[in-house]
Amino acid sequence: MTHEQTSLAFRENTVRALEDSALRAAMKQAADTFGTKRADAFAPVADLEALRDRASAIREDVLANLPMYVDRFVASATRAGAVVHRANDAATAREIIRKILADRGAHRIVKGKSMVSEEVDLNSHLEAAGMEVVETDLGEYIIQMEGETPSHIIVPAIHKNRRQVGRLFADRLGVPYTEDPQALTKIARKALREKFLSADAGVSGANFAAADTGSLVLVTNEGNGRMVTTVPPLHVAILSIEKMLPSLADLPAFLRLLPRSATGQTITSYVSVITGPRKAGDATGAKELHIVLLDNGRTEILAGESRDILKCIRCGACMNVCPVYRAVGGHAYGWTYPGPMGIVLTTLLTGMKKSHPLVDASTLCGACVEVCPVRVPLAELILGLRQRKVREGFSDPKEMRGMALFGKAAASPTLFALGQRLAGAFWPVVRALGGKDVAGRMPAPSKTSLRRRLP
Amino acid sequence: MTAADRERRFLENAAIAAAGTHAVSGTGELLATLRRVVTADSPVYCPGVTELEKATAALFPVRAADYGAAAVTVEEVFGGVAETGTLVCSSEGGRAVQAGLLPSHHVAIVRRERIFDTLDDLFAAVAGAPPTNLTLVTGPSRTADIELTLAIGVHGPEKLDIILV
Ligand code: SF4
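Quick note, the sequences are listed as chains A and B, same order. For what it's worth, our numbering labels the leading residue of the first sequence as 1, then goes sequentially. For what it's worth, our numbering labels the leading residue of the second sequence as 1, then goes sequentially.
Accuracy of the hints is not assured; some may be wrong.
Each computed DSSO-like pair below joins lysine-lysine, with the alpha-carbon atoms no more than 30 Å apart [claimed, not checked]:
1) K279/A - K195/A
2) K279/A - K54/B
3) K354/A - K287/A
4) K37/A - K354/A
5) K159/B - K186/A
6) K37/A - K159/B
7) K389/A - K354/A
8) K186/A - K28/A
9) K190/A - K159/B
10) K353/A - K311/A
11) K311/A - K354/A
12) K99/A - K195/A
13) K159/B - K195/A
14) K389/A - K311/A
15) K353/A - K398/A
To be clear, the hints were calculated from the coordinates, so they are not data collected in a lab.
Between the sequences and the hints, there should be enough to build the whole structure, so can you do that?
The structure is reproduced here in C-alpha cells:
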C-alpha cells in the first residue's frame with residue numbers, strides 16, 4: 001500500500017482527530033505514562049546537563065564533518081566485509097534494495113522497525129515486486145495488518161487501544177478474541193516466529209553507525225531487531241547519513257540518553273552492535289550484509305539554516321510533551337515524522353509546498369526544547385520555517401491582510417480602541433456569517449477591554 | 001569501585017530489569033543453582049565449550065542439539081556491565097549470540113572478573129576491534145506497544161537468569 005502525504009490537509013486532519021474519542025483517550029493515557037516514566041528514569045542521573053552537552057557536542061561535530069565521517073564509515077564497513085550503497089533519493093534507495101533482494105531470489109522478507117524505510121515507502125515497492133514483507137516490531141505488525149502508517153516514531157501503534165488490537169487479531173489471525181496485552185503479545189510471537197525462521201532476508205534500520213569501526217547499532221526491546229539481523233542469511237540495513245557517530249566509544253553517552261528519553265528505561269533490553277557479516281570461524285551474523293546510506297535531501301539541509309534538526313536521534317520525547325501532538329496524534333501530520341521534530345523534518349524533506357500548514361502546528365511553548373536530549377533547538381527551527389513560509393508566499397492571504405490591519409491598529413491606541421468597539425458591535429454579524437467555523441471556536445469579544453480593567 | 005560494589009550494583013540493576021539473579025562461588029554451587037533454575041524436562045542447549053560450560057554438561061538429561069530446538073539455553077557469556085545490570089554477549093570465538101535469543105529461557109553464566117563498571121569501560125575495551133556481533137542484554141525481551149502496557153517475552157526470552165560465578 002502506498003501512503004500519500006496529507007500534510008497540506010493538516011487542519012482537516014486535526015478536526016477529524018479531535019472528534020475521535022478513542023484516539024484522544026489513547027493519547028491522553030500515553031502522554032501521562034511517558035511523562036512520569038521519563039522523569040523517573042532521569043532522576044538518578046547526577047550530571048544530566050553535562051551529559052546532554054556532551055551528546056550535543058558529538059552530534060554537532062558529526063554535522064560539521066559529515067562527509068568525512070560518512071566516507072570513514074564506508075571505508076570501515078567495507079573493510080569489515082559489508083557492501084555499502086549510497087542512495088541520493090528515496091526512489092534510488094528502494095530500487096537498490098529491491099535489486100539486492102531480487103538478485104538473490106529473496107521473496108520472504110522480515111523487517112525490523114525503521115522510520116527511514118517508512119520515509120522511502122520501501123514496503124509498497126517490494127510488495128509491488130511480488131515479495132512478502134512482514135513487519136516484526138509488534139507495533140509495526142499491528143499497523144501493517146490494519147493498513148496504517150506509524151503515528152509515533154517509537155510506539156507506532158500508540159493510537160490504538162487494546163480492544164482494537166484484540167479485534168484486529170481475532171479477525172485477521174483467526175484467534176479467539178482477547179484484549180490482554182500479554183496474551184496478544186504471545187499471539188504475535190508465535191505468528192512471527194515462523195516468519196523469522198523461514199525468511200530469505202532481513203531488512204532493518206539502525207539507530208547509529210560508528211564511523212571508526214563501520215558498526216551498525218540497533219537499540220531495541222523486543223528482540224525482533226536481533227532476529228532480523230542474525231537469523232536470515234541476508235541482512236539489508238537502510239539508514240540516513242546523519243546517523244553517524246565518530247567512534248564506537250561515543251556510544252555510551254547515547255545509550256544513556258536515548259532509552260531514558262524514549263521509553264523511560266535506563267537501557268533497552270537489547271543493544272546490538274553489528275560489524276560486518278559473518279566471517280570465517282563465526283557462528284553469528286548474516287552471511288551477506290548490505291548497508292544502504294540514504295541522503296534524500298540531508299546534504300541540502302546541512303547547508304541551510306535548519307541543519308540542527310539533523311542532530312536528532314529520534315527518541316520521540318519532543319512529541320510526547322508537545323501539546324499539539326498530544327491532542328491530535330501522529331497521523332494528522334500527514335507524513336512519516338510527527339510532532340515537533342516531524343514539523344521540521346517533513347517541511348525540509350518534502351518541501352514547503354507540500355507541508356506548509358505544519359509549521360503552524362506548534363504553540364512555541366518550548367516543552368520540546370526542554371526535553372530534547374541532544375539540544376535540538378526545535379522552537380527556533382520552527383520559527384525559522386514560519387519566516388520562510390511567509391517569504392516564500394505560502395501564507396493565507398486573508399490572514400496576511402488581517403495581520404497587516406492588526407499591526408497598524410496595535411500601533412495606535414485610538415485605532416485599537418475603535419477596533420475593539422467595532423468588534424463588539426459586529427460580533428453578532430460575524431457569528432451569523434461564520435457559522436460553525438466561528439461559533440464555539442472563537443471567543444466573543446469582551447465588553448470591557450483589559451486595559452480598562454487594569455487599575 | 002570495589003569488587004564488592006561492582007558485584008552488588010550489577011546484580012541489583014539486573015534485578016531491576018527483571019532478570020533472576022544468583023551469585024555463587026565454585027562449581028558445586030553453580031550446579032546446585034542450575035538444578036534449581038532449569039526445569040528438569042526442558043530440552044537444554046549448552047555449547048559445552050568453556051570450562052564452566054563443560055562442568056555443567058552432565059547436569060541436563062534432555063539436551064537439544066541446537067538452540068533452535070531448545071527451550072532453555074545455558075551458556076557462559078562474555079561479560080557484564082554494573083552500571084546497567086547488562087549482560088554482554090559476543091560472537092568472538094565462534095559463539096552463536098542468537099542462542100540466547102530464540103529459546104524462551106536464557107540462563108547466562110558470568111565470571112565476576114568479567115564485570116565492567118560502566119558502559120564506557122566496556123566500549124573502551126571492545127571499540128578497537130569489535131566482533132561481528134556484540135549484543136548487550138538487559139532483562140528479558142519486552143514491549144509496551146499495546147497501550148504502553150509492559151508485556152514480557154515478545155521475540156526473545158521471557159525469562160532471563162544470571163548466575164555470577
Ligand atoms: S528532536 Fe530531540 S526530542 Fe525530538 S526526537 Fe529528536 S532527539 Fe528526540
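Here is what the structure says about each hint:
1. K279/A - K195/A: holds, 25 Å
2. K279/A - K54/B: holds, 26 Å
3. K354/A - K287/A: violated, 41 Å
4. K37/A - K354/A: violated, 36 Å
5. K159/B - K186/A: holds, 14 Å
6. K37/A - K159/B: holds, 23 Å
7. K389/A - K354/A: holds, 12 Å
8. K186/A - K28/A: Within the cut-off at roughly 26 Å; holds.
9. K190/A - K159/B: holds, 16 Å
10. K353/A - K311/A: Roughly 24 Å between the alpha carbons, so the hint for K353/A and K311/A holds.
11. K311/A - K354/A: Within the cut-off at roughly 23 Å; holds.
12. K99/A - K195/A: With Cα atoms ~22 Å apart, K99/A and K195/A stay inside 30 Å; holds.
13. K159/B - K195/A: Satisfied, since the Cα-Cα distance of roughly 22 Å is no more than 30 Å.
14. K389/A - K311/A: Holds, at roughly 23 Å.
15. K353/A - K398/A: holds, 18 Å
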